[in-house]
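Participant: Sequence:
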Amino acid sequence: LRLLSDILKSQGYGVRLLRKGNMVMSSVLNSPPDLILLDIMMPETDGYEVCRQLKADEKTCKIPVIFISALNDVVDKVKAFSVGGVDYISKPFNTEEVLARVKTHLTIQSLHKELQHKNAELEEKNIRLQEALDNIKNLQGMLPICSVCKKIRDDQGYWNQIEAYLKIHSDILFTHGICPECAEKTYGNEVWYKKRKQDCDRT
Numbered sequence: 089l090r091l092l093s094d095i096l097k098s099q100g101y102g103v104r105l106l107r108k109g110n111m112v113m114s115s116v117l118n119s120p121p122d123l124i125l126l127d128i129m130m131p132e133t134d135g136y137e138v139c140r141q142l143k144a145d146e147k148t149c150k151i152p153v154i155f156i157s158a159l160n161d162v163v164d165k166v167k168a169f170s171v172g173g174v175d176y177i178s179k180p181f182n183t184e185e186v187l188a189r190v191k192t193h194l195t196i197q198s199l200h201k202e203l204q205h206k207n208a209e210l211e212e213k214n215i216r217l218q219e220a221l222d223n224i225k226n227l228q229g230m231l232p233i234c235s236v237c238k239k240i241r242d243d244q245g246y247w248n249q250i251e252a253y254l255k256i257h258s259d260i261l262f263t264h265g266i267c268p269e270c271a272e273k274t275y276g277n278e279v280w281y282k283k284r285k286q287d288c289d290r291t
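Just remember that the working numbering sits 88 ahead of the position in the sequence shown, which is counted from 1.
The set of hints was computed from the structure by calculation and includes no laboratory data. All C-beta atoms in this analysis are idealised placements derived from N, C-alpha and C, irrespective of residue type, glycine included. Do not rely on the hints blindly, as some may be mistaken.
What follows is a set of in silico ranges between Cβ atoms, one per label pair, in the way DEER data are often shown [unchecked claim]:
hint: 1; residue 1: ASN214; residue 2: LYS108; range: 42 to 50 angstroms
hint: 2; residue 1: GLN249; residue 2: GLU202; range: 43 to 51 angstroms
hint: 3; residue 1: CYS267; residue 2: ASP242; range: 36 to 44 angstroms
hint: 4; residue 1: LEU210; residue 2: ASN248; range: 56 to 64 angstroms
hint: 5; residue 1: LEU105; residue 2: GLU146; range: 35 to 43 angstroms
hint: 6; residue 1: LYS191; residue 2: LYS143; range: 43 to 51 angstroms
hint: 7; residue 1: HIS200; residue 2: TYR246; range: 47 to 55 angstroms
hint: 8; residue 1: GLN249; residue 2: HIS200; range: 17 to 25 angstroms
Based on the provided sequences and hints, a complete structural model is requested.
Facilitator: Structure representation (structure tokens):
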């Protein structure tokens, strides 16, 4: 264990060395690591049971566990995977192999966390979108509108222009134009308007 710890430290990894299986859970719960290298043959509680406990707790179940052991029988390896291990390294181990496997599983763990973060962001966006849709649905109900100036009264009793109200309560964007009736009332006596209207009538 000391040799393995020194190898990992030489590569810049932070290492916490625990020699007894019953010390693992409390240590991991107190400060969750990114990865656990777990021997099978340990005093008091063996590696299999430690892994079972880790996988049974929602706070530690996502931490990848790599078994590293002198037990080389297929039965031992199968059992290690069945209790939740993600990999198995046999002793005596090869330094390059250990470092490669550690790096691989740390990368996988990092990608998994990134995916969880992206999913959380997506869920938050979906919630905001649903809230916006709910607001739009609320706008489809009855709104107090002034019969003269057409302002809308909000929940606090303030009167707002229709555009300002909709911008606050929905994601609607506005472009400005003029309807035919308003154009006639506003520009009906203008020469340019009359000419343009005549041209449109011809087409």
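Participant: Against this structure, judge whether each hint is valid.
Facilitator: Results of checking the hints against the structure:
Against the hinted window of 42 to 50 angstroms, the Cβ-Cβ separation of ASN214 and LYS108 comes to about 46 angstroms, which satisfies the hint. At roughly 44 angstroms, the beta-carbon separation of GLN249 and GLU202 lies within the given 43 to 51 angstroms, and the hint holds. Separation of CYS267 from ASP242 is about 26 angstroms and departs from the stated range, judged on CB atoms against 36 to 44 angstroms. For LEU210 and ASN248, the hinted distance range of 56 to 64 angstroms is not satisfied, since their beta carbons lie about 33 angstroms from each other.
In this structure the hint that LEU105 and GLU146 lie 35 to 43 angstroms apart at CB is violated, the actual value being about 26 angstroms. At roughly 23 angstroms, the beta-carbon separation of LYS191 and LYS143 lies outside the given 43 to 51 angstroms, and the hint is violated. For HIS200 and TYR246, the Cβ-Cβ distance of about 48 angstroms falls inside the hinted range of 47 to 55 angstroms, so the restraint holds. The given range of 17 to 25 angstroms is broken by GLN249 and HIS200, whose C-beta atoms sit roughly 49 angstroms from each other.
Consistency with the previously given hints fails for numbers 3, 4, 5, 6, 8, ordered from lowest to highest.
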